[in-house]
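Chemist: Next come the chains, spelled out residue by residue.
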Amino acid sequence: MRKYIEASLIDIKISFKYRLNLFLNSTMLILPLLGYTFLFRILYTSGVSLENYSLRTIFTYYFWSLLAYNTMPVYAYGDITHNIKSGALSYFLTRPMNFLLYYYSAISGAALIWVLTNGIVLIPFLYFFRTLFVVPNILDGMIGILFFLLGFVLAVLSGFILQLTSFFVGDPYGYREIYGWVLAIFGGSIIPLDLLPRVFLHLPFKYFYYIPAKAFMGELTHIPLLFIEVVLWIIFFWGVTMLIWRKGLKKYEAFGG
Amino acid sequence: MGILRFIFASIVLRFKNQIIFRGSFFLKFLGEIAYIVIYFLFFQIIFAHTESIGGWNKGMVFMLIGSAGIVFSIFSALANAGAGSIMHLVRKGGIELMFLKPLPAPFFILFRFASIADLLGLLVPLSIFIYGLRLYGSINFIPLILWVISILISFFIYSSLHLLLGLLSFRFIRISGLYWMLGDFADLGKYPNTIFPLFLRNFLLYFLPVLMVSNFPVLIYVGRFHLLFVQIMQLALFVILLFIFFPIARRIYQGAGTYEIGA
Numbered sequence: 000m001r002k003y004i005e006a007s008l009i010d011i012k013i014s015f016k017y018r019l020n021l022f023l024n025s026t027m028l029i030l031p032l033l034g035y036t037f038l039f040r041i042l043y044t045s046g047v048s049l050e051n052y053s054l055r056t057i058f059t060y061y062f063w064s065l066l067a068y069n070t071m072p073v074y075a076y077g078d079i080t081h082n083i084k085s086g087a088l089s090y091f092l093t094r095p096m097n098f099l100l101y102y103y104s105a106i107s108g109a110a111l112i113w114v115l116t117n118g119i120v121l122i123p124f125l126y127f128f129r130t131l132f133v134v135p136n137i138l139d140g141m142i143g144i145l146f147f148l149l150g151f152v153l154a155v156l157s158g159f160i161l162q163l164t165s166f167f168v169g170d171p172y173g174y175r176e177i178y179g180w181v182l183a184i185f186g187g188s189i190i191p192l193d194l195l196p197r198v199f200l201h202l203p204f205k206y207f208y209y210i211p212a213k214a215f216m217g218e219l220t221h222i223p224l225l226f227i228e229v230v231l232w233i234i235f236f237w238g239v240t241m242l243i244w245r246k247g248l249k250k251y252e253a254f255g256g
Numbered sequence: 000m001g002i003l004r005f006i007f008a009s010i011v012l013r014f015k016n017q018i019i020f021r022g023s024f025f026l027k028f029l030g031e032i033a034y035i036v037i038y039f040l041f042f043q044i045i046f047a048h049t050e051s052i053g054g055w056n057k058g059m060v061f062m063l064i065g066s067a068g069i070v071f072s073i074f075s076a077l078a079n080a081g082a083g084s085i086m087h088l089v090r091k092g093g094i095e096l097m098f099l100k101p102l103p104a105p106f107f108i109l110f111r112f113a114s115i116a117d118l119l120g121l122l123v124p125l126s127i128f129i130y131g132l133r134l135y136g137s138i139n140f141i142p143l144i145l146w147v148i149s150i151l152i153s154f155f156i157y158s159s160l161h162l163l164l165g166l167l168s169f170r171f172i173r174i175s176g177l178y179w180m181l182g183d184f185a186d187l188g189k190y191p192n193t194i195f196p197l198f199l200r201n202f203l204l205y206f207l208p209v210l211m212v213s214n215f216p217v218l219i220y221v222g223r224f225h226l227l228f229v230q231i232m233q234l235a236l237f238v239i240l241l242f243i244f245f246p247i248a249r250r251i252y253q254g255a256g257t258y259e260i261g262a
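Note that the protein sequences, when read in sequence, are chains H and E. Per numbering that gives the first Met the number 0, the first sequence starts with residue 0, numbered consecutively. Per numbering that gives the first Met the number 0, the second sequence starts with residue 0, numbered consecutively.
Derived by calculation from the structure, the hints in this document are not laboratory data. This one's a predicted model, so the numbers in the text were calculated from it and none came from an experiment. A portion of the hints provided could be inaccurate.
Here are a few chain E residues that sit away from chain H, every Cβ distance over 12 Å (derived from the structure) [stated by the list, open to error]: (1) ALA8; (2) LEU29; (3) ALA104.
Now the stretches of chain E that chain H is said to cover, found in silico as 3 or more residues with beta-carbon under 8 Å [said to hold, decoys possible]: (4) 108 to 121; (5) 169 to 176; (6) 190 to 198.
Cβ atoms here follow ideal geometry from the backbone N, Cα and C, with glycine treated the same way.
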């Protein structure tokens with residue numbers, strides 16, 4: 000277990016090595032949020048409303064969903080592909096170490112730093128827009144954290160599936176971008192899923208951004224059912240990951256020394 | 000003339016390289032147009048509830064999404080990879096080779112990865128622009144010509160901005176965070192400038208002109224022709240800044256690494 004904790008710590012240290020980049024990366028959260036805020040502010044002040052959303056709830060929704068969007072590791076780790084393509088995977092296979100668990104630990108360490116840096120950047124932003132933000136109560140906050148963590152596991156597994164396809168196609172770069180956009184729209188980071196056709200609410204991607212956001216807002220119903228559903232999705236994604244991993248290892252070849 | 004010949008040769012070489020990996024190219028192409036399609040849907044949902052956004056009617060907003068998509072697609076196809084490569088060239092010591100070419104180094108760097116195949120990505124934003132144009136109601140020849148000119152100037156403004164930013168790598172080496180930030184700012188270009196508070200609007204129009212490159216072509220089309228002059232002035236300013244700062248950056252430069260083939 001210790002080696003996996005070490006992997007997390009190494010990634011935390013790597014993140015801190017490029018501190019400026021780390022903080023600049025948080026603009027991925029602030030700038031889209033600013034765009035949505037000003038867009039909806041002008042719409043709502045001119046009398047427009049979107050279904051059940053008020054200006055405060057739409058702001059709060061985008062706040063949580065973009066925070067999740069900026070933190071969920073849906074691409075897992077690009078190094079996985081690099082290791083498979085370059086043959087460096089052999090180093091992992093010849094050591095008493097689980098390759099996927101190693102990267103899960105590393106991603107968790109990095110994600111912890113992303114949450115912290117985003118949080119630091121968000122404090123002045125939230126203070127400025129404090130009248131628009133709906134603060135969650137303790138219970139909603141805890142349910143939000145629970146679904147956020149479950150979404151995190153699902154996102155990592157989804158990312159693993161993406162990266163492990165490099166066993167078969169060489170480099171997932173070609174469809175990496177389209178994968179990201181599909182998750183953004185199906186996950187609810189661009190448009191709240193309850194404003195889209197209901198079919199979107201039956202896909203697993205809602206657990207990436209939409210469900211955590213709604214949980215923090217205290218707007219989730221049938222919570223035990225959602226919990227069971229996401230756990231089943233995690234088991235399914237884990238099964239697919241294992242299947243690709245095993246098939247991939249059989250296909251894996253490395254040249255050179 | 001030499002520059003044009005170089006750009007053409009780069010484009011042909013890159014095209015030959017790309018068609019070897021057709022599947023990957025096609026998927027990448029789909030990925031690049033996906034964001035425009037998604038924002039098209041996003042604004043369709045918004046316009047199901049309203050007639051206008053900050054004084055921009057539906058036709059103008061879709062012309063805006065189309066125009067922004069066109070400018071950023073041209074940039075992505077012709078100059079993005081080149082502009083982004085400056086810091087790698089500095090870090091890996093390959094920038095000296097660029098200085099040795101019988102062409103102005105900034106232009107050589109900017110267009111060295113130009114890809115004509117990626118211009119296919121223009122089809123979708125162009126369709127959205129035409130959709131917006133038809134919603135707007137009138138299609139006039141002269142404003143359309145001015146719109147095309149404005150789009151081209153927007154491309155050069157946005158490219159110059161990337162080059163200016165790239166010059167910082169001569170001093171700070173790793174500036175990828177700044178490029179990400181600029182990309183995030185550019186994402187705001189899909190909104191009408193009138194939604195932003197005055198200070199932020201002016202900042203995004205004239206200092207970091209991501210709103211200028213997306214909004215002005217549409218505003219010029221709808222009759223605010225004087226904005227073309229503003230765009231020309233902005234471009235001239237950026238070119239002058241490049242002429243001033245590029246030699247300074249070159250003097251500051253110290254090899255930060257060892258030359259790596261392919262850097």
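Chemist: Run through the hints listed earlier and report the numbers of any the structure violates, in increasing order.
Modeler: 2, 4
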